[in-house]
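Engineer: Going line by line, the protein sequences match chains A and B.
In terms of our numbering, the first sequence opens at residue -15 and continues consecutively.
In terms of our numbering, the second sequence opens at residue -15 and continues consecutively.
Don't read these hints as lab results, they were simulated from the structure.
Treat the hints loosely; a few may be bogus.
Claimed, not checked - Straight-line alpha carbon distances no greater than 16 Å define the calculated EDC-like cross-link-like pairs of lysine to aspartate or glutamate that follow: (1) 200/B to 203/A; (2) 42/B to 203/A; (3) 42/B to 19/B.
Protein chains: 2
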Amino acid sequence: MYSNAGGQKPRLIGELSAASDRISVSDFRYGRGAEIFGEAEPAEYIYQVIEGAVRTHKLLPDGRRQIGAFHLSGDIFGLENGATHRFTAEAIVATMVRLVKRKSLDNVAQNDPAIFNTILDMTTSSLVHVQNRILLLGRKTSLERVAAFLLEMHFRSTTAGVMHLPMSRRDIADYLGLTLETVSRAISELRRGLILKFEGTTQRHIVILNVQTLAKLADEPDAAA
Amino acid sequence: MYSNAGGQKPRLIGELSAASDRISVSDFRYGRGAEIFGEAEPAEYIYQVIEGAVRTHKLLPDGRRQIGAFHLSGDIFGLENGATHRFTAEAIVATMVRLVKRKSLDNVAQNDPAIFNTILDMTTSSLVHVQNRILLLGRKTSLERVAAFLLEMHFRSTTAGVMHLPMSRRDIADYLGLTLETVSRAISELRRGLILKFEGTTQRHIVILNVQTLAKLADEPDAAA
DNA sequence: CGATTACTTGAATATCCTCAAGGAGAGTGG
DNA sequence: CCACTCTCCTTGAGGATATTCAAGTAATCG
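Turn these sequences into a full structure, and let the hints guide you.
Structural biologist: Structure (structure tokens):
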């Protein structure tokens, strides 16, 4: 559940390369903060993060922002959209993204049940992730939310030991339905409780010292196993 | 978006009857409050509400409850689960439910791209619904949440004019990430503002007097169109 | 009809947010 | 390479929104 945002399996685009004569793939680079696609735009492509990190969000008219997901290296995104994008996607840091034309994907999927099943699986996995987030946003306290977030990032992190967060406290806050100050206070509390520590000089390199306690604080006892 | 919880199209089980020689369909009755399936149980069936109403929920260890969705007459549910159910489902009132064996559905879908597409569409629609709920739970105020809920029920309601809510204030609260008192206060406020009124003697028969204002309060201006 | 459950409203409290200030880190140009 | 600037993060104090606790009334169900 934590291994990958939305549980999307990076293998899809690998599989597609087998049918590469019929699909169009291209790579793009985006600078820090650049928009990859906008909400309500037609969804012509699906995307895979090659390097960097991406956030998706929705805005309310008065500027309140809700981040839908973070996508890290290897993650596929934009698939969960139907005909039009339902989020805006932005590069968090300098990011390379691979684009696959939706139409060519659909064409291949028509004749390949395995790919069709992969698409359905990925969509179902997104649903699982998002359903857990509904419990978090509807019922968890600020400390539980921050603990759950750090746990998620911990398990998604490829580097063992130190975890490198590409996103700001504000991004985390908008992901968890909190303010950046509340996120900062929760992290400070976890630091005082020796559940995590900062590595080096920056506040974005974090070492989880006690995963089990963190999982208990997140109200996700199964994650401690 | 409001016409159906999760946008699931009730047509699936109708389509299936065309292949009824290969699928097993049966009907069950559940009393008020009865459990239809439990979280983490294997998902053997998908379900359609024939009559009545169903709620799905998750519980935290200390009893906090988050309702995932309400399913009304015609709605299909349990499809969004993978191999195991990720919610507990209960009848809100006396309810008749039609069950379809998942395996027989899968078998039919293997050879029928139309049904496969219907399944994918329904899953994608669930995702859309759930993503809008994330914005609601993460960033909306109590009044905005209650307004959005009433608007959703208004558009899903089959009866024109008076809307009959099968669920309690507590159910609504657990759906919106609030307490029942806060929901009650918000409804009272909308009543004082002449945006809705109660019909008859009960507090569950509601008439929306001003849909546009309600949509504005819900921060969903497009719903007013 | 009686008992139970559901809903509303008020008062006090808690959690999280807002406003504010200070300091540390990262990036830029001299 | 260092100074400068901008952004980010932390922490504190005060305030707002929603919750908790409580009581009373109304509606539903057997």
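Engineer: Output the indices of the hints that this structure fails to meet, ascending.
Structural biologist: Violated hint: only 1; rest satisfied.
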